[in-house]
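Join the two chains, each given in its own frame, into one complex according to the hints.
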Amino acid sequence: MKRPYLALGALGLLFGGIATAQVTPLTPAQRAAIGGNFGAVVNGQTTERQSLLNSEVGKGTIAGTTPSAAAQQQQNPGPPRGRRPGGGGPPPGPSGGIAYHASNDPHDLSGPWDTMMITGTGQLLDGVKSRPGPQVISPYEATRLCAGESAFLEDGFNILQRPEQITILLAANFTRVRRIAMDVPHPANVTPTFAGNSVGHWEGNTLVIDTIGIKGALGRWRDPVSLAFTHLLMATPTLHVVERVRKLAPNQLEIISTYDDPGTGMKPYRMRAVYNFGAMDPEIENICEAVGDLFGPGYVQGVLQ
Amino acid sequence: MKTAPLRIAPLRIAPLRVALLTAGVLITPLLVTARAVDLSGVWKIATPITALRTVDGTVPPVTPAALATYNAHKAAKSRGDLSWDTAQICKPPGEPRTMFESAWPFEIVQTGNRVEFLYQWNHLTRLVPIQNHQDTFTGPWYFGQSVGHFEGQTFVVDDVGVSGDTSLDSDGLPHSDSIDLTERFTLQDGGKTLEARIHIVDPATFTKPWDTILRFTRQPLGSITEDVCETRLHQESRYPVLPEKLYPQ
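If you read the sequences in order, they're chains A and B. Sequence positions in the first sequence follow my numbering and run 1 to 305. Sequence positions in the second sequence follow my numbering and run 1001 to 1249.
These aren't lab readings, by the way, just hints derived from the structure by calculation. Check before you lean on any hint, since a few could be wrong.
Claimed, not checked - Covered stretches of chain A, as calculated for chain B (at least 3 residues, CB under 8 Å): (1) 160-170; (2) 190-199.
Said to hold, decoys possible - Selected chain B positions facing chain A (Cβ under 10 Å, derived; list incomplete): (3) S1040; (4) T1111; (5) G1112; (6) N1113; (7) E1116; (8) L1118; (9) L1127; (10) P1129; (11) G1222; (12) T1225; (13) T1231.
To be verified - Restraint ranges, calculated between C-beta atoms of paired labels, are given here: (14) V242/A - E1236/B: 34 to 44 Å; (15) T1050/B - E164/A: 27 to 37 Å; (16) H107/A - R1053/B: 41 to 51 Å; (17) R162/A - R1079/B: 43 to 53 Å; (18) A1072/B - T206/A: 51 to 61 Å; (19) F1150/B - P163/A: 18 to 28 Å; (20) E164/A - G1190/B: 15 to 25 Å; (21) E1151/B - R272/A: 40 to 50 Å.
Every value quoted in this text rests on a predicted model; they were computed, and no experiment measured them. For every residue, glycine included, the Cβ atom is placed at its ideal position computed from N, Cα and C.
The following block holds chain B by itself, in its conformation from the complex (with noise of 0.2 Å):
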């Protein structure tokens, strides 16, 4: 009663072990690459900064007019001016900055098809989602429009329209909405630190395309302290109201 089942089903399954033995070739290779890296945890800059440099350790390729907002930023900035600044009125600082803005920690939490940023900075998130096509685009928003691939080791994120509202870095480097930024992800040191390397093309503001290179310090899971730019803003004597005392009791 048992054995006929037996001698019938190699015959009938043939065609379904090929299929199966096909499609597991093709498929679990990819698997093993999306699986292979996850850059969860929580990461802090290396080195504080406050300027984006060029690989070579240059002043970006800005163009003339570009060149006069920067000069412009850093001359008011130096006088205490940071009117210019949309962070100063907690609006977000943009990508890539808010990764090192304040030298605070960032969070990364991978799972299933999406990377999330989660910034220490006022708490703002930042969706990556895994997929190999932009959507429709509706920006531009102030981290961009993000999708993200896995290229071998490397988490490749393509981050279009970027609002020009932001600035690239804390000095004011300009950057126009049309902004396209490719950030190339991966750990190093057997995982401590996450190198990002970020390809800037922006042909209004940049007379060229450039590369930078940031570098994190993995920091112990649990290490993102709650930050409230108004309360903040606040115990800096530049917000007049408590945000919990705003309403009277």
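So here's chain A without its partners, still in its complex pose (with noise of 0.2 Å):
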């Protein structure tokens, strides 16, 4: 190369540039109309850290993650901490979070991407969904207590990619991760979990994610518009779903889930559900057991305690 230093140059302007996006605080009004503690508008997207569920806390219905965290933000909302004297580390700073950024590469997934419940764009596409007496759906869909598995159809969501493998960290329902292992196949003997076991590939610009050695299970699901706990759910180990995920556009997400699950007697129907980035980052700290109140009195630490 004979000029090796206007690439070399180049890349430091790129990646600089990446580095010291602009990050501005919310305003007032923003955080009042969110009711986090925190956040930050990235390229005019929010990317507030704290979920909706932690909005909650502002309103009184829920605890706070600790209890003394919940003491502490009903005594100081929360002020830049300083280190504490030998501590070293870093100096406190602006808050703001991570600044995420929509690639514009179809194959880069990655970044925060919004939730159903403020957007509604969940559609069935196809199939029915439910038969008479309990209402019959995929785990998948549901919102179940501490242990079970949810969605891409009603949480927000933040991917983490990787070649060998995609990481996805559910929001709102607190620590649920699945992993989509990269262009292998499903091992022989898969041990039935509540997140399944997934592999994917890409066909074109569109993951496609085959998931299957999901628990039977049965739960509730939270509808997505009322928030109220509507329906009975019901998996069997013979529950197959394969989710075909691609990009609208740099910040369009648009997933249609199949799901079959002839243990059920039910014929294979599709969801489909449009997601947009960075609206929420679902960062914080949620612990599911810490918060089971949400869940109805007696959970957890009622009946663990």
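Printed below as a string of structure tokens:
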């Protein structure tokens, strides 16, 4: 290369620009509307680190993650905290959380994607997902106490993308984690779990996720609009889920999910949902067992203590 | 027609060339440093432990009051009484305990501007943003509030405000909400071993700062198994109802 410094410099500027992207603190009005304690607007998108559930703290409906945190939040909304003597480490800085940028690369799905509960974009494409009597749908669509798996379709999520594995952190449902092993087959023997066993591959610009080995379970589903628990859920070990994930635009993600569970006696059905980039950043610590009251009195703490 | 721009271009881009060169010289070394260490993988404590020790192998320098609490926890544990341990009711064990609790593995997923710790223990997660300042403090949190940066081949995590509801180890070593942890993660043995040297400062609990070292061995990717605390407790006859059966059909 005749002028390597030019390429080097261009690379430096490119990444330097990314590293120094403008992060604008939320205005008081935005904070009030969201209800969180801190956050930022990046490229016009809110990256609020307080999840919807945590936003309930200020309304008194959720006690907070730890007892002492709840008490502290009541007394002190959180001024910048300095380092204590001897602690070393970085100084306190402006709040803002991680700055995310929607990639133009159709194969780069990384980052936070917002929830159907905000946008209401869930759509049944074909088939039915219920039948007379107890409604029967996949646990992938369930918010089932602290134990169950939750779906793309209900919650926001954050995608961590590496070549060998795509990791999905589900947002409003606390610490749910899905791991999609890329370009490998399912293991010969799969022990059923709530998350199931997921493998993925690319078909053009579409990520295809194939999931089997989902633990048969019964639970209840929280309606994404009313937030009321309205449906009983069931799945059998024969449940097979195929999710086709693609970008409609750099900041828009479409997921079409096909649910096929012969064990329920139902025909396969498909759901479609579209998510916006970065509207909710599910980073805050949400511990299901610490906010078990959300799921009804007596759960976890009441039962175990 | 094509030669005119070529004659003019070098003159016009001279300042740009200088700017590019300067930016490249300044920024690229940082990028090289930042990308040099990739801690991603599945890790498991090399030698199972229940109690933290200093780098000298001694009991941490606890204050008399904290020592009394620690001894009470250990005595209760020896009687099978774990009522002091909130992890027994599925609350997070905290940091650094979750990394070695039950000698179960955890996964590190490192991407762009974040390092995510994904523990097998009750599928807990801990985010460490890569940034050089602490955000506004909103804790304490079960895992504290962490930020990380790279110093050469070491990933340095600054963790403040780990909830005093947790214990530092499985024997019940107490600490306060004001604890500060500085965790220095390095790869060793050609990437087969992850070492965490942890500097602990908590004047309310310890008479002086102290260090401990944890070593983890690399496990195959995908070797994390699903753990649901309530289901586990049910199987141990310590939880009355399987979560998946909690609601009637």
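Practice task
Check each numbered hint from earlier against the structure, then list the numbers of those it violates in ascending order.
Solution key: none
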